[in-house]
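What follows is the residue order along each chain.
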Amino acid sequence: MPIVLFRVDERLIHGQVVVGWGGPLHADRIVVVDDEIAASPWEQELYCLGVPEEMATSFLTVDDARRELPAWRGAGPRVIVLVREVATARRLAAERLLEGVEVNLGGIHDAEGRARILPYLYLRPAERADLEAIAAEGAAVAARDLPAARRVPLEELAPPR
Amino acid sequence: MSEVRGVVVAHASLADGLVASVRAISGVGDEALSALTNEGCSPETLRDRLLRALGPEGPAIVFTDMGSGSCAFAARRIALERPDTGIVTGANLPVLLDFVFHRELPLPELVDRLVEKGRSGITGAHRESAAHADRAVSR
Numbered sequence: 001m002p003i004v005l006f007r008v009d010e011r012l013i014h015g016q017v018v019v020g021w022g023g024p025l026h027a028d029r030i031v032v033v034d035d036e037i038a039a040s041p042w043e044q045e046l047y048c049l050g051v052p053e054e055m056a057t058s059f060l061t062v063d064d065a066r067r068e069l070p071a072w073r074g075a076g077p078r079v080i081v082l083v084r085e086v087a088t089a090r091r092l093a094a095e096r097l098l099e100g101v102e103v104n105l106g107g108i109h110d111a112e113g114r115a116r117i118l119p120y121l122y123l124r125p126a127e128r129a130d131l132e133a134i135a136a137e138g139a140a141v142a143a144r145d146l147p148a149a150r151r152v153p154l155e156e157l158a159p160p161r
Numbered sequence: 001m002s003e004v005r006g007v008v009v010a011h012a013s014l015a016d017g018l019v020a021s022v023r024a025i026s027g028v029g030d031e032a033l034s035a036l037t038n039e040g041c042s043p044e045t046l047r048d049r050l051l052r053a054l055g056p057e058g059p060a061i062v063f064t065d066m067g068s069g070s071c072a073f074a075a076r077r078i079a080l081e082r083p084d085t086g087i088v089t090g091a092n093l094p095v096l097l098d099f100v101f102h103r104e105l106p107l108p109e110l111v112d113r114l115v116e117k118g119r120s121g122i123t124g125a126h127r128e129s130a131a132h133a134d135r136a137v138s139r
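Protein chains in written order, with our numbering: chain Y, 1 to 161; chain E, 1 to 139.
Derived by calculation from the structure, the hints in this document are not laboratory data. Please read all numbers here as calculations on a predicted model, not as lab measurements. Fair warning: there could be bad hints in the mix.
Just so you have them, the derived chain Y footprint on chain E, three or more residues with Cβ under 8 Å [stated by the list, open to error]:
| # | stretch |
| --- | --- |
| 1 | 8-18 |
| 2 | 39-45 |
| 3 | 72-81 |
Facing chain E, according to a computed beta carbon distance under 7 Å, are these residues of chain Y, among others [as the list claims (entries may be wrong)]:
| # | residue |
| --- | --- |
| 4 | R11 |
| 5 | H14 |
| 6 | G15 |
| 7 | E45 |
| 8 | L46 |
The C-beta atom is built at its ideal place from N, Cα and C for all residues, glycine as well.
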């Protein structure tokens, strides 16, 4: 499957993604889907500093990404798709566009209203509901910060009591 | 003119280790160089912590472990909005030691000096020449 990683990570392009995942997955292209960054050339420039030369990078709005997503799932370059918010992943997953894809939760950190689930994963109730909605659209949802770490499926992502 | 302040920001415990080594060798304190990890930080949290460590004004250099990644990204964002902020990526012990003894230099001059120091601080050797690694040159 050419979408080799679909990841929710607030940091978007950084070491874990480029080195930790990008290397073993032999990714050809990184696509960042974010309405704000798609309109911000200087932020794009900063993010591109972290990408190896041999890897192509693009920044798309959610609407543009939804148009291109079916093509990424066909034959072609091996794509890493990155979003920084669960809500963006939910918009992309609507109408079963991510059916059969695994949505990887790789880095959502502590902030107001969020509960700790894992050391690298904190969620608000609304984000938890979005993840359930993504799963209902046919995508698998699981947390795993690095390939060697344990995969924690959505059913196990409850806040500690 | 005030002396340049330094903050090392790096993955896991690397910054702590580098700064502890600099202190052990040079005897300088937190006012010259401090450490910050990116562990468990969102981009906003890391940016806020780094800004706090740098202070609102005065010449400062952010040292990062790599030229890319969340640490360098936070440093570059801050350098865009905070005046008198330099960045040195790929920092190593020779760079940091040179920094703490030359904090009185003007920021642009100091950054150029440290980049050169970092490059020349890396040498290479193999087999029979390994005994003279200090004389090997890597450019």
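Problem set entry | Within 8 Å of chain Y (C-beta), three or more residues of the stretch 8-18 of chain E | violated (count 1)
Exercise. Per the CB criterion, is E45 (chain Y) less than 7 Å away from chain E?
Worked result: violated (9 Å)
Problem set entry | Evaluation of the interface hint that places R11 (chain Y) against chain E, nearest CB under 7 Å | holds (5 Å)
Problem set entry | Hint check: 7 Å Cβ-Cβ cutoff, L46 (chain Y) to chain E | holds (5 Å)
Problem set entry | Hint check, G15 (chain Y) versus chain E [nearest Cβ-Cβ separation less than 7 Å] | holds (4 Å)
For this session: Under 7 Å, Cβ to Cβ, is where H14 (chain Y) needs to be relative to chain E, so tell me if that hint holds or is violated.
Result: holds (4 Å)
Exercise. Are there at least three residues in the stretch 72-81 of chain E whose beta carbon sits under 8 Å from a beta carbon of chain Y?
Worked result: holds (count 5)
Problem set entry | Outcome, coverage hint (the stretch 39-45 of chain E, chain Y; C-beta under 8 Å; three residues) | The restraint on the stretch 39-45 of chain E holds, since 6 of its residues have a Cβ under 8 Å from chain Y and three suffice.
When each numbered hint is compared with the structure, violations occur for hints 1, 7.
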